[in-house]
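Please arrange chain B with the ligands on chain A, whose structure you already have, making use of the hints.
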Amino acid sequence: MPSIIRIQDVSKSYTRDSFEIPVLNNITLNIEEGEFLALMGPSGSGKTTLLNLIAGIDKPDSGKVIIADTEISALNESALAKWRANNVGFIFQFYNLIPVLTAYENVELPLLLTHLNKAERRKHVETALEIVGLKDRMAHYPKQLSGGQEQRVAIARAIVTDPLIIVGDEPTGDLDKNSAEEILTLMERLNKEFKKTVLIVTHDPHAADRAHRTRYIDKGDLVEAL
Amino acid sequence: MKVFKLIFKNSLRHKLRTFLTILGISIAVVAFGILRTVVTAWHAGVDASAANRLITRQAVSFIFPLPYTYREKIANIPGVDQVTFANWFQGVYIDKNQFFPRLAVEAETFIDVYPEYLVSKNELNTFKKERNSCIVGADIAKQYNLKIGDLMTIEGDIYPGDWQFIIRGIYKPRDKTTDGTGMFFHWNYLNEKLEKDSPARAGDVGWYIIRISNPEKSAEISNEIDALFKNSNAETKTETERAFQQGFLASTSAIITAMNFMSFVIIGIIMLVLGNTMIMAARERTREYAVMKTLGFSAKHLVGLILGESVFISMLGGGVGLFLLFPVVEGFAQVIPKNFFPIFNLEPITVILAVSSALLIGIVSSIFPIQRALRTKIVDGFRFVG
Ligand SMILES: Nc1ncnc2c1ncn2[C@@H]1O[C@H](COP(=O)(O)OP(=O)(O)OP(=O)(O)O)[C@@H](O)[C@H]1O
Ligand SMILES: [Mg+2]
Numbered sequence: 001m002p003s004i005i006r007i008q009d010v011s012k013s014y015t016r017d018s019f020e021i022p023v024l025n026n027i028t029l030n031i032e033e034g035e036f037l038a039l040m041g042p043s044g045s046g047k048t049t050l051l052n053l054i055a056g057i058d059k060p061d062s063g064k065v066i067i068a069d070t071e072i073s074a075l076n077e078s079a080l081a082k083w084r085a086n087n088v089g090f091i092f093q094f095y096n097l098i099p100v101l102t103a104y105e106n107v108e109l110p111l112l113l114t115h116l117n118k119a120e121r122r123k124h125v126e127t128a129l130e131i132v133g134l135k136d137r138m139a140h141y142p143k144q145l146s147g148g149q150e151q152r153v154a155i156a157r158a159i160v161t162d163p164l165i166i167v168g169d170e171p172t173g174d175l176d177k178n179s180a181e182e183i184l185t186l187m188e189r190l191n192k193e194f195k196k197t198v199l200i201v202t203h204d205p206h207a208a209d210r211a212h213r214t215r216y217i218d219k220g221d222l223v224e225a226l
Numbered sequence: 001m002k003v004f005k006l007i008f009k010n011s012l013r014h015k016l017r018t019f020l021t022i023l024g025i026s027i028a029v030v031a032f033g034i035l036r037t038v039v040t041a042w043h044a045g046v047d048a049s050a051a052n053r054l055i056t057r058q059a060v061s062f063i064f065p066l067p068y069t070y071r072e073k074i075a076n077i078p079g080v081d082q083v084t085f086a087n088w089f090q091g092v093y094i095d096k097n098q099f100f101p102r103l104a105v106e107a108e109t110f111i112d113v114y115p116e117y118l119v120s121k122n123e124l125n126t127f128k129k130e131r132n133s134c135i136v137g138a139d140i141a142k143q144y145n146l147k148i149g150d151l152m153t154i155e156g157d158i159y160p161g162d163w164q165f166i167i168r169g170i171y172k173p174r175d176k177t178t179d180g181t182g183m184f185f186h187w188n189y190l191n192e193k194l195e196k197d198s199p200a201r202a203g204d205v206g207w208y209i210i211r212i213s214n215p216e217k218s219a220e221i222s223n224e225i226d227a228l229f230k231n232s233n234a235e236t237k238t239e240t241e242r243a244f245q246q247g248f249l250a251s252t253s254a255i256i257t258a259m260n261f262m263s264f265v266i267i268g269i270i271m272l273v274l275g276n277t278m279i280m281a282a283r284e285r286t287r288e289y290a291v292m293k294t295l296g297f298s299a300k301h302l303v304g305l306i307l308g309e310s311v312f313i314s315m316l317g318g319g320v321g322l323f324l325l326f327p328v329v330e331g332f333a334q335v336i337p338k339n340f341f342p343i344f345n346l347e348p349i350t351v352i353l354a355v356s357s358a359l360l361i362g363i364v365s366s367i368f369p370i371q372r373a374l375r376t377k378i379v380d381g382f383r384f385v386g
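Just so you know, the protein sequences line up as chains A and B, in that order. Residue numbering for the first sequence follows my numbering, starting at 1 and increasing by one per position. Residue numbering for the second sequence follows my numbering, starting at 1 and increasing by one per position.
With the rest of the complex left out, here is chain A:
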C-alpha cells in the first residue's frame, strides 16, 4: 500500500534579522494510511515546522510534500487553502477556538466553506460533538468550558469535515493528566474507529505510547532515537 503522506528531501529555514536559521535538513518520511504517528524531540528542533508543512500551512524551501497523490508543496496559496479545508483537521495546543462563537458555531465554522445547507450542517456538527461527548454543551462559549472540554470542541471542529488526516501540535500540552488521557483516547478512537491517519507532536512519552510509531527530530534531522 502506498504511503498517504510522503515527505521527500524536505528542507526549511527561517530568516530572522537577516540571519538564515536552518530548521529542517533534508527530511524524508513516509506515513501509511491509517497510521498513528508521534513526533518527539527537544524544543526548537523543528517539530511544529514539519507538522505545518504536512498540514499545508507552510511551504518547504526545497523537497516535496505529497499527500494522497497531491503534491501540496507545489500548490498556490488559494489552492492550498481549499486543499486544507477538505483534507486536514488541525488540533492546536491552545485549542484556538473563536471566543465569540459557541461550541456549536465553532464546530460549524469549517462547514461554512462547504455547500452544505443549514440542516445538513446541523447534522454534521451534532455528530461531531456527539463523538467528543459534548453535545449537551453546544450552546456554551469557550470561556464557559474547561481546557479539556475546549480541546474536545477543537477536535470536533477538526473532524467535522471528515478530513483525510488529523494533525495535532502538542494537543495535550496544556492539559492536566486526566484531560490529557481523555484527549488521547479520543484521538486513538479517531484512528481505530474512523480510520483516520493521525499525526501528533508531543513532549509527553505517555502520549507517544498511544501511537503506533514514534519518530524523533533533533536539530532539524530525523533520527531513530534520542
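No wet-lab data here; the hints were simulated from the structure. These numbers come from a predicted model, not from an experiment. Treat the hints loosely; a few may be bogus.
[Said to hold, decoys possible] Once the Cα atoms are required to be at most 20 Å apart in a straight line, the calculated DMTMM-like pairs of lysine to aspartate or glutamate come out as:
no. : chain 1 : residue 1 : chain 2 : residue 2
1   : A       : Lys82     : B       : Glu241
2   : B       : Lys377    : A       : Asp17
3   : B       : Lys9      : A       : Glu120
4   : B       : Lys217    : B       : Glu241
5   : B       : Lys377    : A       : Glu105
6   : B       : Lys377    : A       : Glu77
7   : B       : Lys5      : A       : Glu105
8   : B       : Lys73     : B       : Asp204
9   : A       : Lys219    : A       : Glu20
10  : B       : Lys2      : A       : Glu105
11  : A       : Lys59     : B       : Asp380
12  : A       : Lys143    : B       : Asp204
13  : B       : Lys5      : A       : Glu120
14  : B       : Lys377    : A       : Asp61
15  : B       : Lys300    : A       : Glu77
16  : B       : Lys2      : A       : Glu120
[Stated by the list, open to error] A few chain B residues that face chain A, going by a derived Cβ cut-off under 7 Å, partial list only:
no. : residue
17  : Lys9
18  : Glu288
19  : Val291
20  : Thr294
21  : Gly296
22  : Ser298
23  : Lys300
The beta carbon of each residue, even a glycine, is placed where N, CA and C say it ideally should be.
Only chain B with the ligands this time, still in chain A's reference frame:
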C-alpha cells in the same frame, strides 16, 4: 450561523470601545451635517438672487453714494425694464442687537423689481401714498409682534434723528430662498428730511437696482451703464445681483470656505479614529485569523469579515448621527437669524454626503487591518503574541 453573525459578534467584543467609536462617528456626522448645512444654506442665498437684476454701485466702494440724477440716464438704456434704488438706512431698532436690513427705497418701483416680496395690492397702494409708511417682512412682523398700523421708532445712526414709520404693509416671502426679514420705507421721506437738516447729503442714492428683460445681455448692459458715468466724479460699477451678493459676502465667503474645508477634516479625523479601532481589533485577532486561514478561509472571507465589521460600525455611527442631525439642524434653524440664512434646511445632498462619508470611513478604516491580516502568514500568526 452566517458570516454576518460573526461580524456582529466581533463588533460587540469590546462593547465600550465599540460604543465610544460609534459615538465618535455620530458626533462627527452631526458636526459634518451642520457645517454642510451652513455651506449649502449660504449657497442657496446666493442662488436665490435673480439673474435678471443688475446692481449699480459706486465704483470705489459700496459705501459711497450715487447721484439721484443717474436714475433717468440708466432708465433710458435699451434693454432696461425698470430702475429702482435703495439706501442703507440701518439705525437702531429697540437695541443694537436687533439686526435686520432697513432700507430707504423708491416706493413707487421697489416691489416691481422685487416680485419675490409678496404684498397685497391694497397694502402696497396705501404704502405708496403715505410718505412716512413702511413695509416689513412677515418674519419681522412675527418676531416683534408687529401689525399693520403699528408705529416703528428707529433711532438713526447713519442718518441721525428719531425716525417714526407707520407699518402699512407686511410682505410674505415668495419662496424659501426669499428673505422675510426686510424693512422698507420711502426714500423721499428720508430725502426731504436731509434737504432740511443736511442739504449736502440730500439727493443721494445708495445703489441702483435694474431689472433687464434679457439676462443674457447683463454683461453688455452693465458695461453700457458704467460707460455712461465714466470720468464723472461718481463712476459706477455694475454687476449681476449674484456677483454683487458674492462680493458683498466676501468675508462670509472665507468663513464658508473654512467650514467647507473643516467638514472634510472632520471626516478625515474620524477615519483615523475608526481606523485605530479596527487596527487594534485586527491585531488582537491575529491568532484567530490564522485559525480561520488554517481552516481554509481565504483572503476574500477575511476581507468580508474585517470590511464588514468596519462598515457595520461606521454605518451604525452614521445612522445615529443622522438621527440626531435632524433635530439639531431644526434647533439651529430656530436660533440662527433668518436674514443670515433665509433657508436653513437639512438638504438631501447633505444627508447623502453624510451617509456616503460614513460608508467611506468604514471602507478606508478597514484598509490597514485587512492588509495586515492578509500579509501575516499563518505560521507567523500563530507565533504572534499581542
Ligand atoms: N515563523 C517562524 N519565523 C521565524 N523562525 C521560526 C518560525 N517558526 C519557527 N521558527 C524557528 O525555527 C525553529 C524550530 O521551531 P519549531 O516551532 O518548529 O520547533 P518545535 O520543535 O516545535 O519546538 P517546541 O517544542 O518548543 O514547540 C526555532 O528556532 C524557531 O524559533
Ligand atoms: Mg512546537
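Query raised in the report: Are the Cα positions of B/Lys5 and A/Glu105 separated by 20 Å at most?
Result: holds, 10 Å
Query raised in the report: Has the given pair, B/Lys377 with A/Asp17, been kept, meaning a C-alpha gap of at most 20 Å?
Result: holds, 17 Å
Requested in this report: Assess, step by step, whether the Cα of B/Lys377 is no farther than 20 Å from the Cα of A/Glu77, and give holds or violated.
Outcome: With Cα atoms ~11 Å apart, B/Lys377 and A/Glu77 stay inside 20 Å; holds.
Report task. Verify the interface restraint on B/Thr294: the C-beta must sit less than 7 Å from at least one C-beta of chain A. Result -> holds, 5 Å
Query raised in the report: Going straight from one Cα to the other, do B/Lys2 and A/Glu105 come out at no more than 20 Å?
Result: holds, 9 Å
Requested in this report: Below or equal to 20 Å on CA atoms is what counts here, so check B/Lys217 against B/Glu241.
Outcome: holds, 14 Å
Report task. Given the hint that A/Lys82 pairs with B/Glu241, test it: the Cα-Cα distance must not exceed 20 Å. Result -> Given that 20 Å is the threshold and the Cα spacing comes to 69 Å, the pair is violated.
**Report entry** 20 Å Cα cutoff - pair B/Lys73, B/Asp204
**Finding:** holds, 15 Å
Query raised in the report: Holds or violated: are the alpha carbons of B/Lys9 and A/Glu120 at most 20 Å from each other?
Result: violated, 24 Å
Query raised in the report: Taking 7 Å as the limit, does the beta-carbon of B/Glu288 come near enough to a beta-carbon in chain A?
Result: Cβ of B/Glu288 sits 6 Å from chain A, so the hint holds.
Query raised in the report: Does A/Glu120 lie within 20 Å of B/Lys2 when you go C-alpha to C-alpha?
Result: Measuring from Cα to Cα gives roughly 14 Å; hence the hint holds.
Query raised in the report: If you draw a straight line from the CA of B/Lys377 to the CA of A/Glu105, is it 20 Å or shorter?
Result: Violated: B/Lys377 and A/Glu105 sit about 25 Å apart, past 20 Å.
Checked against the numbered hints above, the structure breaks hints 1, 3, 5, 12, 23 and satisfies the rest.
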